[in-house]
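Chemist: Sequence:
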Amino acid sequence: MVSPNVEDTTSFTHTLGTLVKKSWANLMKVTNMVKEFGQDDPRRVIHSFKVGLALVLIYILHHFRPSFYGFGDNVIWAVLTVVIVLELSVGATLGKGFNRMLATGLAGALGVASNKLATLCGDKGKVVMTSIFVFVIAERVTFMRFSPKLKARYDYGMIIFILTFCLISLSDMTGHELLEIAYGRLLTIIIGSCIAITVCIFICPVWIGEDLHNKIVGNIEKVAEFLQGFGDEYFNNSENTEVENDKQFLERYKSVLSSKSSEETMAVLARWEPRHGRFRFRHPWKQYLKIGNLTRFCAYKLEALSVYLHNSKTPYEFRSRIQESCTTISMELGKALKESSLMIKKMSKSSTPKSHVLNAKNAAESLKSILRTNPWEGADHLEIIPASTVASLLIDIVICVEQICEAVDELASLANFVPAELMHRGIVQPISDSNGSVHVVTVSE
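Per our numbering, the very first residue in the sequence shown carries number 36; after that it's consecutive.
Please note: incorrect hints may appear among the correct ones.
Using C-beta positions, here's what the derived DEER-type ranges look like [stated by the list, open to error]:
id: 1; residue 1: 56; residue 2: 381; range: 47 to 57 Å
id: 2; residue 1: 205; residue 2: 290; range: 40 to 50 Å
id: 3; residue 1: 290; residue 2: 152; range: 49 to 59 Å
id: 4; residue 1: 290; residue 2: 62; range: 25 to 35 Å
id: 5; residue 1: 296; residue 2: 424; range: 24 to 34 Å
id: 6; residue 1: 179; residue 2: 59; range: 49 to 59 Å
id: 7; residue 1: 293; residue 2: 118; range: 26 to 36 Å
id: 8; residue 1: 59; residue 2: 190; range: 37 to 47 Å
Okay, derived cross-link-like pairs now, DSBU-like style, lysine-lysine, Cα gap no bigger than 35 Å in a straight line [said to hold, decoys possible]:
id: 9; residue 1: 186; residue 2: 336
id: 10; residue 1: 336; residue 2: 282
id: 11; residue 1: 159; residue 2: 289
id: 12; residue 1: 336; residue 2: 384
id: 13; residue 1: 289; residue 2: 336
Since the hints were made in silico from the structure, they are not lab data.
These numbers were taken from a predicted model, which means no experiment stands behind them.
Glycine included, each C-beta is placed from N, C-alpha and C at the ideal position.
My request is simple: use the sequences and hints to build the entire structure.
Modeler: Below, the structure written as structure tokens:
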């Protein structure tokens, strides 16, 4: 017979073993999730180390020279600044840092001034005047936040402005003591912002402008892949086994449909970034948004086109009459977009996209002629309509792609892309003058 103590011990051991196994399983699950998260974008791991390094630098400065750097009891403001300001990209960090420093400085000066004016009105008058100042400033700045242009670049700064102004205006301290506190906080915020910006720029920088550049290139390529494969897929003409096995190119364009907000955010942040690599100061980021909008409009056309992708009820006679023109249009438009994306990727000028667009337009005119001859005479109109709709959509897409290529050419002119001929001759080295003009020097290999 087993004693009660032995039974209790066995039950406890079993429960403990189960708990250990579950804890280990959860730990491994979290570890694998973190590993996949880091492998998906290694820059996140680097950013985590950068935040830790910036905080360590704040501690070192505070430990060795607290009085000189104005830290004292205000070190918390420097820590908060680093944690809030240091973002993954340089553009976001510069934007937040500039907003925080400027807003703190302006709000601090205005808060000290309003506090002194309110103090001159006596104890009762101070309450009234402070209430008026806080109401007017908070109301006006909050209203300014509704402006799309101001909100895009200075929303964070306006929030910090309201908070800082209220903290100083509503403070019970007056005179020289209040001025010293405001000065100390401003100094620590400037130091924290500068440390965050320095770490972000000089240690494995992540340029949001380059991300926008690559995103636009990728979106154009996704649309091009769909168009290049659509003709053979629609007419069941594909002889490439790899294409038959991999139909993902018919779905990739869908990510373009929801890219508007991310592109706009990237463009706003990219305007904060200094000149780097191939991207000069005042790079035409707005033109990227124009290209993105046109690409997205084209992707909506593809969404409508994909509805008819697996429709095989159209009579063969009609399909065979439009097959050559439709296949030529989709293939030439895909090539034009591929060349346009290559122009942006290599930042070089080329006239190749125009020739492909011209071929597509000629094929579109041929397709219009076929449709004008009433090829569906005597056929069931319900069976003809889907194929004629596909033909009509392809003709519309020709115009969309032409607009994309024109926008890319405009970007090439605004950003001073190098002609492709010079790039093939040797190593291209752009040199800027003091007036901002760009000259190209070619060094033969």
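Chemist: If a hint holds in the structure, say so; if it does not, say that too.
Modeler: Checked hints:
{"no.": "1", "hint": "56 with 381: 47 to 57 Å", "in the structure": "holds, 55 Å"}
{"no.": "2", "hint": "205 with 290: 40 to 50 Å", "in the structure": "holds, 48 Å"}
{"no.": "3", "hint": "290 with 152: 49 to 59 Å", "in the structure": "holds, 56 Å"}
{"no.": "4", "hint": "290 with 62: 25 to 35 Å", "in the structure": "holds, 34 Å"}
{"no.": "5", "hint": "296 with 424: 24 to 34 Å", "in the structure": "holds, 31 Å"}
{"no.": "6", "hint": "179 with 59: 49 to 59 Å", "in the structure": "holds, 54 Å"}
{"no.": "7", "hint": "293 with 118: 26 to 36 Å", "in the structure": "holds, 30 Å"}
{"no.": "8", "hint": "59 with 190: 37 to 47 Å", "in the structure": "holds, 45 Å"}
{"no.": "9", "hint": "186 with 336", "in the structure": "holds, 32 Å"}
{"no.": "10", "hint": "336 with 282", "in the structure": "holds, 19 Å"}
{"no.": "11", "hint": "159 with 289", "in the structure": "violated, 64 Å"}
{"no.": "12", "hint": "336 with 384", "in the structure": "holds, 27 Å"}
{"no.": "13", "hint": "289 with 336", "in the structure": "holds, 11 Å"}
Going down the numbered hints, you'll see the structure goes against just number 11.
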